[in-house]
Amino acid sequence: MGCSSSLPGRSSGRLGGLNSSESGGVPDAKNLRVKLVLLGDSGVGKSCIVLRFVRGQFDPTSKVTVGASFLSQTIALQDSTTVKFEIWDTAGQERYAALAPLYYRGAAVAVIVYDITNPDSFNKAQYWVKELQKHGSADIVMALVGNKADLHEKREVPAQDGLEYAEKQGMFFIETSAKTADNINQLFEEIGKRLPRPSSSSS
Amino acid sequence: MLLSLLSRRSLEVDSRDAYGFALRPQQIQRYREYSSIYKEEEEERSTKWKDFLEHQAKSVLFYSSAEKFSEVSQVKTTEEKEEAVLQRGREGDDSGCIISDCDVSTECNTEKEVQLSKGAKEEVQLSELPGKEVQLLERPVKEFQLANTHRKQVQLSQESEKSAQLSEESEKDKIHSKATKTHKIQTWAQVRPSVHIIENMMSCCVKKRQKMKEGQISASRDHLPSINEIGTSGGDSVEDVDHATVKKSEDNVVGKMVSSETLFSWKEELESLVHGGVPKDLRGEVWQAFVGVKARLVESYYQDLLAIESNVCESKERSNSFRVPGKFQKQIEKDIPRTFPGHPALDEDGRDSLRRLLIAYALHNPAVGYCQAMNFFAGILLLLMPEENAFWTLVGIMDDYFDGYYTEEMIESQVDQLVFEELMRERFPKLVNHLDYLGVQVAWISGPWFLSIFVNMLPWESVLRVWDVLLFEGNRVMLFRTALALMELYGPALLTTKDAGDAITLLQSLAGSTFDSSQLVFTACIGFFAVTEKRLEELREKHRPAVLVVVEERSKQGRVWKDSKGLASKLYSFKHDSGVEEVFNSVESDGVLADGDKSRPETRSSNLDELLSGLTVDSEVDSLPDLQEQVVWLKVEMSKLLEEKRSAVLRAEELETALMEIVKQDNRRELSARIEHLEQEVAELRQALADKREQEAAMLQVLMRVEQEQRITEDARLSAEKDAAAQRYAVHMLEEKYEKATAQLAQMEKRVVMAESMLEATLQYQSGQARVQSSPRSVRNQSSGVESPRRKTGLLAFGLGWRDKNKGKPSNAEDSGDKSVNDEKDSNIA
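Residue numbers (full-length UniProt numbering), protein chains in the order written: chain S, 1 to 203; chain A, 1 to 830.
Only chain S is shown next, with the shape it has when bound in the complex (with noise of 0.2 Å):
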């Protein structure tokens, strides 16, 4: 790696060539190891959603995330491959995209999160999509997350926009809520289904 990796942001445009060794496609197929990070507006409960699917917790008054934090799950998936999901929860304030090419760089999958009662928070999404488009990895597997599901009477993004814009992106879409665990063990599994395997495809 020597020189090139000690130069982080701009080597976004030729990671697709490490991806494999850095994503972790494990040869093995049945045991998967990949490389997640979470992305979106402050406040959207990126850090919920990782707490909830790993620990199984959710705590209304989290702690600020700063640059990035770190965490890992497996789940079993019916046809008995198991993903390893290694978590970078990144911080969401703006500014802090300047660093975000250090976690997204060679993440085999970005989940993109939004709160369904701010709809900036959705056009913030929308931003990291380009975004990942143009920098991220070639195959990486994106989910769009409308958030705080459960705070329906408050919705101010129809679940529809989130559809269309997942669809026409070619993205995964689903709404989930941290504080109900609705949908947060489905996402992940989701993800995984769609982890392109190593046996078929060259990642």
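Rather than coming from a laboratory, the hints here were simulated on the basis of the structure. Hints should not be assumed to be uniformly reliable.
Listed next, the in silico BS3-like pairs over lysine-lysine satisfying Cα-Cα at most 30 Å (straight line) [stated by the list, open to error]:
| id | chain 1 | residue 1 | chain 2 | residue 2 |
| --- | --- | --- | --- | --- |
| 1 | A | Lys-50 | A | Lys-327 |
| 2 | S | Lys-134 | A | Lys-50 |
| 3 | A | Lys-267 | A | Lys-50 |
| 4 | S | Lys-63 | A | Lys-330 |
| 5 | A | Lys-327 | S | Lys-154 |
| 6 | A | Lys-58 | A | Lys-280 |
| 7 | A | Lys-327 | S | Lys-63 |
| 8 | S | Lys-84 | S | Lys-130 |
| 9 | S | Lys-130 | A | Lys-327 |
| 10 | A | Lys-430 | S | Lys-84 |
| 11 | S | Lys-84 | S | Lys-134 |
Given chain S, put chain A in place with the hints provided.
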């Protein structure tokens, strides 16, 4: 400060540490283990610091008395200015947000000055008691400060209400402001004179820095007039106040420079104290001293910022220059409940302080505004010191220590990550190789460490200890040293990990349980002493161009992103083959975004502008300016590549030397191993020799004993031989005797035979005689026979008996008589 008192009360909750922060359940046990150690350390360091401060206080009293005068005069002037500002504020309120301040009545001013001089006199009295202040216990000081903060808060809330106040209240207000002022001055004076000296010294550094960056500072202050132009028209005079005070204190500093040289010797002492940690009770004050709050402080600046903010909110005025704080305000509101959630001190009041502090900073430095992580810093500072002090400390940390770190582009923080990675490669090549192999980038982990200054990454005791040193050093060196120390401590464990996820999880959890804060700080400061600011600066210079290029690239994204990149990226051989496709893609997605924008024109308008301009430039892809740009770009790339090459060569050299070193070390190690082996053998041989000798000695002893025994047996033999000889001799003698005896016996037998024959003969003779003479003989016998017949019969009977025995035939008395004669003869002989 108020917060810290609050927190002290409600600390005893189990799952929180001594600072009131929540502990992770899995770490409670370990925290308990360490809490007694912390207590011991705390006691130790508080006595150390007390000694140090007392000592300094004595030696420093001399200086302080000289300085006092100038300080007092300085205070006086700032008071005047503050008064003027307040006055202005009041009048502004009267006329409803739009203020003309030039007409501050001179009368009013003079009147105030009289009052002020009274205040100043009080001040002199106060400051004339430094000796007593030294002796002040910590608790009273705190109570004082509590009172101050309380009053200050009152003042603050009153200020926010000020807009509603009428002019009739101006008199009251004046008194009030005077009151707050005097005790505000007390707050600064209450810093113990000894801490005061630290403060002065640190202030010198701050001043020097400020002088160097004077241009920069005035630039950063430029926002003030712009705010004030809208808020109040008196902004200029505020600006003047800033400069006046800064200049004044700079003059002061020049005077102090001389003394600061003599104070240099105790800086080392102080440094070692700081490495040992600052006592809890002193931490707030000492940190302020380190950051140089005193030198930074501009009277009423903080209040002005808050007043502007509240004015704007009141009037709902939303002009361009206020949009930016508005955006930050949103983010601040989001983050306040997410700052140390559940901390007992961050109740309603605490959160209000936090909000004010962050908003004031965002107004103070719009280039940074508000950045996530600052909420934690502000929270910590509020736990340790009054609100305004916390503001100035935050200003110091953000503007000096972390200049360029939390700005929109976060350039310096990215630069620092590259620098850190290089240091890692230099110091822990093996570990970095392993991480490379796993596909882990060091910056993934160290990035959050640096950005949060380890808050939430390490246990609290360790965080505060790192901050102690960091603030003392006055730069970011401690960040690097601490991160390197963590790698040193946990690198060996990381080497055992098998995949990226495990490595990162392990490092996170290990770092999170670094309860041994002293070990961490000492490893950092001593182990990585060679990592200095100078070295870091060099490395930053080296890496900054790369970051700048990326940042520029990103900022261009909306505009000439594709084509500027097209050629250049081919040059540095990055995959970028789908240029045409991407143009289409981006146009398409831009279109989508534009659609979105239409529905929300207000929020997205700036973005749309950018996009539009981008599109127009896109259409001019082949035009000249672009070519020029490309040339510039290529030049940059070229220089960058050259630089890279140079650094690669350098690194290769470094690696080579390192390799040589390793080989040498290996050889050395081998040799030393062999030597060791040989030595061991020698030792073994020696041991064997010693054993042999011992055996020999033992043998000798045995031999000697045997010899002795032999000698004894010989002796015994000799004596036995002698005995034998003697016995033989005796035997011989006995034999001789025996022979003699047998000879005699034979003789005796011969004699006995003779005597027998004689006896027989006599017997025959006697019988013969008796037959011849029977009667005569009786006469004769009678005459002589008184004795002879008795004797004759006795002898005769014996001899006959003896003869009978010998012949086995008791034949007659003649034998026995004969025998008895013989017997008599034998016994005579013996």
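Quick check: which numbered hints come out false for this structure? 1, 2
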